[in-house]
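As they're listed, the protein sequences go chains C and U. All you need for the working numbering is the position in the first sequence, starting with 1, plus 474. All you need for the working numbering is the position in the second sequence, starting with 1, plus 515.
Hints in this document: simulated from the structure, not taken from any laboratory. Each residue gets a CB set at the ideal place from its N, CA and C atoms; glycine is no exception. Among the clues, some could well be false.
To be verified - Label-pair ranges, simulated between beta-carbon atoms:
no.: 1; chain 1: U; residue 1: Asp605; chain 2: C; residue 2: Thr597; range: 34 to 42 Å
no.: 2; chain 1: C; residue 1: Ala764; chain 2: U; residue 2: Glu641; range: 21 to 29 Å
no.: 3; chain 1: C; residue 1: Leu478; chain 2: U; residue 2: Asn745; range: 44 to 52 Å
no.: 4; chain 1: U; residue 1: Asp605; chain 2: C; residue 2: Met759; range: 41 to 49 Å
no.: 5; chain 1: U; residue 1: Gly638; chain 2: C; residue 2: Asp752; range: 30 to 38 Å
no.: 6; chain 1: U; residue 1: Gly648; chain 2: C; residue 2: Leu709; range: 29 to 37 Å
no.: 7; chain 1: C; residue 1: Thr708; chain 2: U; residue 2: Val586; range: 37 to 45 Å
no.: 8; chain 1: C; residue 1: Pro599; chain 2: U; residue 2: Gln598; range: 55 to 63 Å
As the list claims (entries may be wrong) - Not close to chain U: a few residues of chain C, all C-beta gaps over 12 Å, as computed:
no.: 9; residue: Ala543
no.: 10; residue: Lys567
no.: 11; residue: Glu780
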Amino acid sequence: MRQLRIVILKEFYHILRDSRTLLILFGLPLVQILLFGFAITNEIKGAKMAVVDASGDDISREMVQRLTASDYFIYQGRAGSREEVLHLFREGKIKMALFIPPNLQRDFYHGEATEIQLLADATDPNTATTLVNYATAIINDYQLEKLDAQDAPFQIKTELTMRYNPLLKSVYLFVPGVMTVILMLVSAMMTSIALTREKELGTMEVLLVSPLQPPFIIIGKVIPYFILGMVNATLIVTLGVLVFGMPVQGSWLLLGAETILFILTSLALGILISTRTDSQQVAMMMSLMALMLPTIILSGFIFPIESMPRPLQLLSNIIPAKWFIIILRNIMLKGVGFDFVWRETLILFGMFSFFTLLSIRNFKTRLA
Amino acid sequence: MDVITADKLTKRFGDFVAVDQISFSVKQGEIFGFLGANGAGKTTAMRMLTGLSRPTSGQAQVAGFDIYRDVEKIKRRIGYMSQKFSLYEDLTVSENIEFYGGVYGIKARDLRLKTSQLLSELGLQEVARTLVGSLPLGWKQKLAFSVAIMHDPALVFLDEPTGGVDPITRRQFWEMIYQAADRGVTIFVTTHYMDEAEYCDRISMMANGRIAALGTPQELREQFQAPDMNAIFLKIARGSQTA
Numbered sequence: 475m476r477q478l479r480i481v482i483l484k485e486f487y488h489i490l491r492d493s494r495t496l497l498i499l500f501g502l503p504l505v506q507i508l509l510f511g512f513a514i515t516n517e518i519k520g521a522k523m524a525v526v527d528a529s530g531d532d533i534s535r536e537m538v539q540r541l542t543a544s545d546y547f548i549y550q551g552r553a554g555s556r557e558e559v560l561h562l563f564r565e566g567k568i569k570m571a572l573f574i575p576p577n578l579q580r581d582f583y584h585g586e587a588t589e590i591q592l593l594a595d596a597t598d599p600n601t602a603t604t605l606v607n608y609a610t611a612i613i614n615d616y617q618l619e620k621l622d623a624q625d626a627p628f629q630i631k632t633e634l635t636m637r638y639n640p641l642l643k644s645v646y647l648f649v650p651g652v653m654t655v656i657l658m659l660v661s662a663m664m665t666s667i668a669l670t671r672e673k674e675l676g677t678m679e680v681l682l683v684s685p686l687q688p689p690f691i692i693i694g695k696v697i698p699y700f701i702l703g704m705v706n707a708t709l710i711v712t713l714g715v716l717v718f719g720m721p722v723q724g725s726w727l728l729l730g731a732e733t734i735l736f737i738l739t740s741l742a743l744g745i746l747i748s749t750r751t752d753s754q755q756v757a758m759m760m761s762l763m764a765l766m767l768p769t770i771i772l773s774g775f776i777f778p779i780e781s782m783p784r785p786l787q788l789l790s791n792i793i794p795a796k797w798f799i800i801i802l803r804n805i806m807l808k809g810v811g812f813d814f815v816w817r818e819t820l821i822l823f824g825m826f827s828f829f830t831l832l833s834i835r836n837f838k839t840r841l842a
Numbered sequence: 516m517d518v519i520t521a522d523k524l525t526k527r528f529g530d531f532v533a534v535d536q537i538s539f540s541v542k543q544g545e546i547f548g549f550l551g552a553n554g555a556g557k558t559t560a561m562r563m564l565t566g567l568s569r570p571t572s573g574q575a576q577v578a579g580f581d582i583y584r585d586v587e588k589i590k591r592r593i594g595y596m597s598q599k600f601s602l603y604e605d606l607t608v609s610e611n612i613e614f615y616g617g618v619y620g621i622k623a624r625d626l627r628l629k630t631s632q633l634l635s636e637l638g639l640q641e642v643a644r645t646l647v648g649s650l651p652l653g654w655k656q657k658l659a660f661s662v663a664i665m666h667d668p669a670l671v672f673l674d675e676p677t678g679g680v681d682p683i684t685r686r687q688f689w690e691m692i693y694q695a696a697d698r699g700v701t702i703f704v705t706t707h708y709m710d711e712a713e714y715c716d717r718i719s720m721m722a723n724g725r726i727a728a729l730g731t732p733q734e735l736r737e738q739f740q741a742p743d744m745n746a747i748f749l750k751i752a753r754g755s756q757t758a
C-alpha cells in the first residue's frame, strides 16, 4: 500500500508542477462549458429584419408587430423597394426581410389567396432555416387567431410539446457532450502521455527494475487522473446546473456510477495507447486522432447520429462516448433509472473489460 | 562469495540469438566491466540479470537468488542506474531521494535520516528543495548514483553511467564507484569508454552474443598482446566481423 501511495504522490507532483497540464485539466473544461453555454448556441435572438409593406393596412401592421414583439426579431425599418432590401442584405444589416403584397387586408377578409414572401440570408443555412421557421410559426399563429375571431367553421390547430427540453435549450445538449469530451481528454490522453513520458525519459525501466510491482506502477500513476476526472465531472455538472439551469432529473447516484464507469473505460484506453508507443508525441497524436476526433464528431455530441451515412452510423457504435452521452441524456433529462440504461452500461462495461485485457496482454509481451 | 553466477545464459528473439550461452561470475565487492559494441548483446544480458527479461535457457543467480524463481527478491537487493537519466527532473532533490527510498521500502523514519545524510555527503543540502532539472549534469549523475545505492544493495548495475559527462566529472564519478566498492557493494558497469575499462577489476568483452574475452585488464593485455583496452576491443570487433 505504501508503494502505491508514493507513486500516486509522485504523479501529483508531476501534474502540479506542469502548468500546461494544469491548464488542460482545469482551464479547458471551464472555457468549453462557458463557450458552449453562452457563445455557441442554436437559439437565435434579435435577428434584424426589414419589411417592405405594400399594403400598409391594419393586418400588415399587426403582423409586423407580432414578429418584432418576439425576442427573435428586431425591426430594422421599412424599406421602399426590393433593391433596397437586397442592398441591406449585402451590407449585412439584416438577416431576414418580409414582403407584404398590396391589399393584404382586403384579400384576407375576402378569402382570396394571399402570399407573403420571406427572404433570409442563407450564408449561414442553419440560422436562415431557423429564422424562417420562427417567422412562419408566428405568422400562422396570427392568422389562426384572426380566423378564430371570425368563427371559421373548420380549423385544425397543432399544439407542440417538446418533451424533456421544452424550451429547446442547446445547453442541455452541450453539458453531456462537453463532459464526455473532457473526461476522455483527461482520462485517456493525459494518462497515455503520463505513462509514455516515463518510458521516453527512461525512468520506467528504473521503476520496472525496482521492487515496485508493475500493476502498482500503472495503477498508482492512473489514480490521480481518475480523481481529476471525477473533479472535472463534478465541476462541469455543477456549472451546468448552477449557471445554465441544466436539470438532473434522475438519480445522482446512478449519474456518479456511470461517470466512474466511463472514466475507467477512458483510462483503460489511455493505458492501451501507452502500451503501443514509447513516445509522448505519438501518444498524443494517437489520442487526438483515434479518440478525440471520433468522440467529438461521431458520438452524437454535435451531429445527430441518425442523419449520418450508414457506415458512419455503424462506426459510431464502437465509440464509448456515444453510449455515455445516451446514458447522460437519459439520466439528466429523462430522469430514467438503471432499467432504461442497462444496455448502454453493459456495452461500456464490455469495452472497459476489453481494453483492460488488451492492455495487460500488451504489457506482458513487452516485458517478455 | 559470488554475487552473480551465470551458466550458459541464452536469449533468443525468434531466430536471432541475442545472448549465446554466456557463463561468468562476479565476486562480491568487485568492479566488473561489461563491454561490447552496440548490438553485441550486453543490454539483453543485463536485462536478464535485472529481471526485466526472461532467459530462453541457461541458469543464473543474482545476489544468491535464482533469476527464474526469485525475481522479486533479486529486485530488492540490486540497484540500477539507467543509461538515460534515472531521476525525475520536475521533482526536487529531496523528493527524488524520498521517492526512490520509498520504492525500495526504506522505512519513513530511516528515510529522513538517510536523506539528510546523503545530502550532506554530496554537499547538496543547499539545493535540497531545488528541482533536479536545474542542477548541472555532473551533480545529477552523482545524485543518481547515490540514490541507486541508498538501499544498500549487494550489487548495483550501471548502464553507461558516464555517457555525455565531461572528463572531470567522470573522474569524480569513478571515485564514488571506488568508495562504494570499498564498502562491499559489487559494481556491474557497462561503458564504451575504453579508458574507464582500465579502472575495472575485471572485464568481459562481448561480441555476437558471446563473451569473447574475460579477465583482469592486465590478463587481457597479455592474452591479446595489445597495449591497451582500445586495441583489444578493436581486435575483438574485427574478429567478430570476419567470423
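Each hint tested on the structure:
no.: 1; hint: U:Asp605 with C:Thr597: 34 to 42 Å; result: violated (49 Å)
no.: 2; hint: C:Ala764 with U:Glu641: 21 to 29 Å; result: violated (47 Å)
no.: 3; hint: C:Leu478 with U:Asn745: 44 to 52 Å; result: holds (48 Å)
no.: 4; hint: U:Asp605 with C:Met759: 41 to 49 Å; result: violated (23 Å)
no.: 5; hint: U:Gly638 with C:Asp752: 30 to 38 Å; result: holds (36 Å)
no.: 6; hint: U:Gly648 with C:Leu709: 29 to 37 Å; result: holds (31 Å)
no.: 7; hint: C:Thr708 with U:Val586: 37 to 45 Å; result: holds (42 Å)
no.: 8; hint: C:Pro599 with U:Gln598: 55 to 63 Å; result: holds (59 Å)
no.: 9; hint: Ala543; result: holds (61 Å)
no.: 10; hint: Lys567; result: holds (55 Å)
no.: 11; hint: Glu780; result: holds (47 Å)
The structure fails to meet hints 1, 2, 4 from the earlier list, while all remaining hints are met.
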